[in-house]
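Novice: All chains, full assembly: derive it from the sequences and hints.
Chains as they are written, first to last, in the numbering used here: chain W, 67 to 451; chain R, 609 to 1142.
Derived by calculation from the structure, the hints in this document are not laboratory data.
Just so it is clear, CB atoms sit at the ideal spot from N, CA and C, and this is done for glycine as well.
Please note: incorrect hints may appear among the correct ones.
Said to hold, decoys possible - Below, in silico cross-link-like pairs of lysine to aspartate or glutamate (EDC-like), each with a Cα-Cα straight-line distance of 16 Å or less:
1. W:K318 to R:E945
2. R:K662 to R:D728
3. R:K1110 to W:D183
4. R:K662 to W:D446
5. W:K432 to R:D728
Unchecked claim - Pairwise CB distance ranges (calculated):
6. R:W988 to W:P238: 49 to 57 Å
7. W:Y431 to R:I1114: 30 to 38 Å
8. W:Y431 to R:A622: 36 to 44 Å
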Amino acid sequence: MVLYELIDYSTLKIIWWVLLGVLLIGFAVTDGFDMGVGALLPFVAETDIERRVVINTIGPTWEGNQVWFILGGGAIFAAWPPLYAISFSGFYLAMFVVLAAMILRPVSFKYRSKRPDPSWRTAWDWALFTGSFVPALVFGVAVGNVLLGVPFKLDSDLRMTYEGSFFGLFSPFTLLCGLLSVSMLVMHGSVWLVMRASGDIAQRARRFGSLAAILGIVLFALGGYLVFSGYVEGFRITSEVDPNMAANPLAKQAVIEGGAWMANYTAYPILWVVPGLGFLGLLGTLVLLQSKMEMLIFVFSKWAVVGIIATVGVTMFPFILPSSVQPEASLTVWDASSTHRTLFNMLVATLIFLPLILVYTAWVYKVLWGKVDEETIERDNHTAY
Amino acid sequence: MELNVVDLSRLQFAMTALYHFLFVPLTIGLSILLATMETVYVMTGREIWKRMVKFWGTLFGINFALGVATGLTMEFQFGMNWAYFSQYVGDVFGAPLAIEGLMAFFLEATFVGLFFFGWDKLSKRQHLAATWAVALGTNFSALWILIANGWMQNPVGSMFNPDTMRMEVTSFFDVLFNPVAQAKFVHTVSAGYVTAAMFMLGISAWYMLKGRHIAIAKRSMTIASAFGFASALSVVVLGDESGYEANLNQKMKMATMEAMWHTEPAPASFNIVAWPDMEKRENLFAIEVPYVMGLIATRSLTDIIPGIYDLVDHSKDRIRQGAIAWNALQEIRANPETVGEDVRETFRQNANSLGYAYLLLPYTDNPMEATTEQVDEAAWSTVPNVFPMFYAFRIMVACGFFFILLTTVFFYYSSSGKLDVLREKRRWLLHVAVWSIPLPWIACEMGWFVAEYGRQPWIIESMLPTSAGVSSLSVTEVLLTLAGFVALYSTLLVIEVALMIKYIKIGPDDGQPAGVQPPEAERPVTGAAPVPAE
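Specialist: This is the structure we're talking about:
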């Protein structure tokens, strides 16, 4: 008896599927509002001081939020190596675009305030906009492509060839997903600004937030309908699968089928709660945005993000990266993970560090909490961004 | 020269890693120095130390932003450009990367905000804790990334599984306590400490030459020279340890670093200068010091260090053995359920050399039928280009000894309270310190080169060749991203250096009212809060 056998391999696979969701949701909920704020920056704030207010609502904490993204990359590498390998090399140029855009963020925050020159500052404002808007769009487009299936093949050595192209990533459905992602994060960012800024900025943020919430509801419903109606085909495993099997994506049979993405909802109707949560979050945010219950709006906005992302996960389960050209090579929860031992070790590490992270992150937010306005910027002129 | 995806991907990785490594060492070292200075501030209550932390903290911030920006690429590039490598080793290699995020990145990134924005919101001790958290976070991240890198150099605690076509962990403990990783970790963070110390020393020397910010410059110099002296010793000693470890498991790296073509009777001599020629496979000339090499590399008088020719011969055996493993693997992959236990046994016997069979794949489709010439060619492909290895190593080592010398001199002047002598009589020493600022960066980049280029042709030492680890991409795609990264990084680097220079010229806040020139000699500092004269 070895320690890692305390937990079944199949159970660990499911735990790591959940943790994958937790990481993506952690990223979208925390860095999501940073991206929303960045995407809104040129529109929600006009003067330099207003823009500094907006930037300083996220300035001290955005860096920690971005680690969710980096940790997401590392955790996928550790727990789902084929997913890491195939998705990032398959979406190669799209990944480059995301990275190039995101690289602009740390420098925009840090360097913008280092010179008073207006054209210098405007240039960094647009860099920050790019670093926020572009990833938000591309992440949505990528998720859309995952739902449709990605054109990759595996040979018997598990070497992957990718048959798609960069422009092939953009289809009506994937663009819909991209826009849904942008509206979700812009809404989330607006709510953040309502909470952390005041006056004109908060007022404008309410307008943008309402617009984004309405768009979010429409796009989420439309996307759901396209999947429900079978316009977006799903994937189904057609052979016996042993959940405790060693990782080998080629050991099963699978087909593409209209309506297959609805199978989980048919088998477990309770799962309708998940998209329901997404709608509830969107609607709640929309209704409450004009109210003064700022913290409560943020709670609804968070639930919208959680619900929408979790919907993708439960719709596809057990698939995590289906192949549109060789369905039997699709990656699933059962056949694309690391070994029993690694999943266990990583779980131990996560159980030690994740609670710590949550505690000190909460403390840092508490210390830095409070409305940011023109007065606070003037007061902290030297330290503020 | 014909462009291919492997070379372009290697170039891209080298480029992005070398750029990233322009910022990382300074972050690692400066974070510790900031925490040290702030500790002095909290313990003594003297405002000047707080002003020092704020000034060096501003430079830290400018550098940190680009470290974060360029680091983003590193986390995803394995999957983007090295997909087969990622699939092949993710079970082992992914874990340290993920733990780096959990244990290190969150810590530094969350508290770095408090470091810059928390001065008025935290008590002195709380702020000090935040600064130490940043310093710990950056140093932990070096630990985990070097555990990952150390495993690529010395793949312990793992085994290849023919049913999943990948390396799998057999002992996580062995991966963590890999001696190569541990030596590399201390060597690398020490290099970061030296970098930060030389940076602080050089800038302080510049202020002293200009007669500005003398009080802060002197204190900074004292801290930097003491810290730099200890770290420079550590970087050389642990560098030696890394070399010793390399000789245990990466004999080819050692042989090419030393341009040692032939095995010599122990203890081997050391080439101070040589002109290695890859075509003729010999040194066109060399100046040797007897015995020294053998003593350094083996720490004995009798152990033999194998030369390149002998190592290539050894590789030929491993290639033949690898071909047998490769052949058995094909049978196992074709019929995983029904293949005979004898085939699996054959595979197990030879699995250690499987990677060597991949070296034959550029020359033949079937390693079992490789000709002697093909085996010969494949075996010689295990030799990285000797010339750059030889000189990169020597430049790094020369820098290391120079750092010990320079920090010793400054440590002497500062510890004996004679820093004013430098200003008055030994100005040339201050000039040397200023002009030495770029040297640690050169040494760090050379060190990266020796470690990583010296591992070629392997992406994982003796297990998987770099050429086999690459993604299925087109030349155009990699060219596009390579050009994109070069353009983006270079632009940002220019901006970064310009901002650095601007803020160095502005200098620290001396606590003087604006417009008042600080006097030549040091005098009690008059700040917002009165502090006792020193």
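Novice: CA of K1110 (chain R) to CA of D183 (chain W), is that 16 Å or under?
Specialist: Holds, at about 14 Å.
Novice: Would the hint linking K662 (chain R) and D446 (chain W) be met if the CA-CA limit is 16 Å?
Specialist: Answer holds: K662 (chain R) to D446 (chain W) is near 14 Å, not above 16 Å.
Novice: K318 (chain W) and E945 (chain R): Cα distance at most 16 Å?
Specialist: Holds, at about 14 Å.
Novice: Using the Cβ atoms, figure out if Y431 (chain W) sits within 36 to 44 Å of A622 (chain R).
Specialist: At 39 Å between Cβs, range holds.
Novice: For the pair we were handed, K432 (chain W) and D728 (chain R), check the Cα-Cα distance against 16 Å.
Specialist: 14 Å, holds
Novice: Has the given pair, K662 (chain R) with D728 (chain R), been kept, meaning a C-alpha gap of at most 16 Å?
Specialist: 13 Å, holds
Novice: Could you see if the CB distance from W988 (chain R) to P238 (chain W) stays within 49 to 57 Å?
Specialist: 55 Å, holds
Novice: Range first: 30 to 38 Å. Now tell me if the beta carbons of Y431 (chain W) and I1114 (chain R) are that far apart.
Specialist: At roughly 32 Å between Cβ atoms, I1114 (chain R) and Y431 (chain W) fall inside 30 to 38 Å, so the hint holds.
Checked against the numbered hints given earlier, the structure satisfies every one of them.
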